[in-house]
Amino acid sequence: MKFSPILRTSALALGVASLALMGTSAYAAKVPAGTVLAEDQTFTYRDLDEFSSLDPQIIEDVSGSDIARDLFEGLLNQDADGNLVPGVAERWEASDDKMTYTFYLRDNAKWSNGDPVTAGDFVYAWRRAADPETASPYSWYMDLMSIENVADVLSGDKEPTALGVRAVDDLTLEVKLTTPLSYFPQMVTHTTTFPTHQATIEKYGDEWTKPENIVSNGAYTLAEHVPNERSVRVRNPLYWNDAETVIEKTTALIINDDDAALTRYLAGELDRTEIPAGQYPRLKEEYPDQAVSFPRLCSYYYTFNLSDSGPEAFKDVRVRQALSYAIDRSVITDNVLQGGQFPAFTFTPGATAGFEVPDVPFGQMTQAERDAKAVELLAEAGYGPDNPLKFDMIYNTSEGHKQIATVMSQMWKQKLGVEATLGNMEWKVFLETRSQQDFELARGAWCGDYNEASTFLDLVTTDSGYNDGKYSNSEIDALMEDAKTGGDATANYTKVEQIMADEMPIIPIYHYTRVMMMDPNLLGSWPVNNVEQNWYSRDLYRVAE
Amino acid sequence: MLNFIIRRLGIAIPTLLILVVFSFSLMHLAPGGPFTSERPLPPQVLANIEAKYGLDQPVYVQMGNYIWGIVTEFDFGPSFRFKDRTVNDVIAQGFPVTLTYGFWSFVVAVSVGVSLGAAAAIYHNSWLDYLAVGISIGAQVLPNFVMAPILVLTFTLWLGLLPGGGWNGGQWQYLVLPVIALSTSYMASIARITRSSMLEVLNSNFIRTAKAKGLSNKRIIVKHALKPTMLPVISYLGPAFVGMITGSVVIDMYFSTGGIGQMFVNSALSRDYSVMMGITILMGSLVIIFNMIVDILYAWIDPKIRL
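These protein sequences, in sequence, are chains F and C.
In this text, residue positions in the first sequence follow numbering that gives the first Met the number 0: the first is 0, and each later residue adds one.
In this text, residue positions in the second sequence follow numbering that gives the first Met the number 0: the first is 0, and each later residue adds one.
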């Protein structure tokens, strides 16, 4: 789900029934005047892993979503900066109480078989997403959207038809909510809310997404799909804005190995690939026009187990602070990762829309001051050379995580005499262990589901299903609740981060960046400013050499 | 001979059954399941999904249903991870890829390995022998995860002759590098086995007799020496062939061929139970079948075995 900061604030500023009118001229490949386009308008990029599905209501991974945004089109899209622009809907209205949203659809949107795209297609898709029969791993997203009756539909207590969405007529879609969500329009850029073609799904069942069966409504159609190898999408001449689309063909190649992908990029087989850890400085020097690094909405951290099964030592806030203070984050970002990552003293990344990184005291100190303070705090807590602090820290198996854990444990050992034992686990075992609080200190990483601080800070609320450290603070719970129901969200988020800096339930390490190589002729149209990295092939273009 | 084959088949079926029961149990014992994720699903959603895949039933019921589905309908179930594919689809897509590059690797490994080994033995202690031994030791110590990047750097990045990966329906350009990377170490082993076996045969009494009778060297090698030389080679070839056609994770990972080796590893990591079982059964069957073929070949070459 994708929140646009700008629309959100303007809607709040109006504070009345906002009639969002965006005109009919829509965003597509905005080629600046005078640009000479290349003859060859294709785009080939690397994906790490095969996507699990192309069914919009079922997709759960980034690689699948990237493809679905080309094949399908939802009510609204994002532009290169993450702002909302029209999709199938030309405009929308919210009621005064923000409990009812009405979307007005364009009359020229078509399915790839020529059928018109109607409000009924959205109603069908949304019911399908919530229907227990569909068993979508993303049905919780419908819950997050707070659509009327969604909880009862998910649990099977009510029929999917009870969901609070209806087609007033073919071109008008009305949605009823249970909480006033001012950012609801941002949520309909997410693939779960994309329309699907009922007749096709009923005809082919689970196999409807195969290239020979699929009917879609986006700027591209699926031409080829060889699982674990490649998928190809080509322009859809029936797309309502095909005239403004430039890229003819987009190919996703599955390449599991980072280094193999980089070699193939350098050999000219790919237009875009990720840069393996530690190689950014070298590549930036060698290929300054191709190696890029820009912020992502993700945080890397370690969480203390504060539940009853956690170690006694971690219940002492001084121990938690000492361990966090003694980590020299710049060593990890500048010497280990070397991809422009940001040292983290808060959980929420600074790139998050509407979030100002608060000046938490320990972030303002120099590392020498932090180290001195850490020694002091740990001594106060009763640990020292005679009574060294010992604990286990776990991470999921990966060379990168191992390096960071090693650096952290070395810093603790040298500065504080702490003995941390490293343990790695296979991914699923790690998740199971962490979720059952069977650990002392565990690695964590979190990427925002939408561009708003609550997608991070909800994690430290008592009831969060993702709060594996079982940290609980009633003040934070109250602040987060207040932010959702109309309080001053920004001020509340700042306060929550300040409380976390004092209590240190987690050790923030760094905020991620996206570090990639991209063909300089395409890079100009890549949305580097969209921190959620929602991109659409129809917005890209390749300039001539 | 027929008795021998029937006896071997009689052992194969229970072996396969034990393999299924054992793998199925082990798999379910591993922590985490197909729907364990970093973002745990709400209980209601998880229950819906588990019900859809029958994971809400006791493991022995699941196992029973699974085996029944295979026996009655040859249905290995849907993939837990790939929502629009069944296990049969996954295997039908990946196995031919693996079979293709595995088969060619086998052909290359055997033809090059046997020729190299035989040449080394025939021209024992000559420069040819030293060269052959040098090549095979070199090839043996270079594991394919080192070979693969070197090949790609050389042929793709520097020379620009061959694509660095992909499959493209198995066009020959896409086959060359995976085949070289996969066959090299097998080729080296085959060469070494052939060489030592042939040396032994060439020094045995019946060859000396043949020489004494005045037969030509060519005739001695082709007619008399080659067959006994092949005995130890064949016992190596059975497992080697299965090893090659059941895929290599390294090859699939590095060359993005989309073969079955990598699917196997991924299915285990993502706890895609049905795909993992499907590939286990496929690989198990192949191992059993090829071991049987080797035994039969052996019995045919060496009558002592049949006794």
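Errors might be hidden in some of the hints.
[To be verified] Straight-line distance between alpha carbons at most 16 Å, and here's what the computed EDC-like set of lysine to aspartate or glutamate pairs gives:
1) F:427 / C:301
2) F:314 / F:379
3) F:469 / F:327
4) C:51 / F:379
5) F:414 / F:480
6) F:494 / F:480
7) F:494 / F:457
8) F:401 / F:391
9) F:314 / F:439
10) F:483 / F:501
11) C:51 / F:243
12) F:209 / C:88
Honestly, the hints are just simulated from the structure, not real lab data.
No experiment lies behind these values; they were computed from the predicted model shown.
Against the structure, the hints:
Our distance criterion of 16 Å between C-alpha atoms is broken by residue 427 of chain F and residue 301 of chain C, whose separation comes to about 50 Å. Restraint check: the Cα-Cα separation between residue 314 of chain F and residue 379 of chain F comes to about 14 Å, which is no more than 16 Å; the hinted pair holds. For the hint linking residue 469 of chain F to residue 327 of chain F, the alpha-carbon distance of about 26 Å lies beyond 16 Å, and the restraint is violated. For a cut-off of 16 Å, the pair hint linking residue 51 of chain C to residue 379 of chain F is broken: about 55 Å separates their Cα positions.
A hinted pair counts as satisfied when its Cα atoms are at most 16 Å apart, and residue 414 of chain F with residue 480 of chain F does not qualify at roughly 39 Å. With a C-alpha separation of about 13 Å, the suggested pairing of residue 494 of chain F with residue 480 of chain F holds against the 16 Å cut-off. At most 16 Å may separate the alpha-carbon atoms for a hinted pair to count; residue 494 of chain F and residue 457 of chain F meet this at roughly 13 Å. As the CA atoms of residue 401 of chain F and residue 391 of chain F are separated by approximately 14 Å, the hinted pair is consistent with the 16 Å bound.
Taken as a hint, the residue 314 of chain F and residue 439 of chain F pair is honoured in the structure, with Cα atoms around 11 Å apart against an allowance of 16 Å. At roughly 23 Å between alpha-carbon atoms, residue 483 of chain F and residue 501 of chain F are farther apart than 16 Å, so this suggested pair is violated. In summary, the hint linking residue 51 of chain C to residue 243 of chain F is not supported, as the alpha carbons are separated by about 43 Å, beyond the 16 Å threshold. Of the supplied pair hints, the one linking residue 209 of chain F and residue 88 of chain C holds, its CA atoms being roughly 12 Å apart against a limit of 16 Å.
Checked against the numbered hints above, the structure violates hints 1, 3, 4, 5, 10, 11; every other hint is satisfied.
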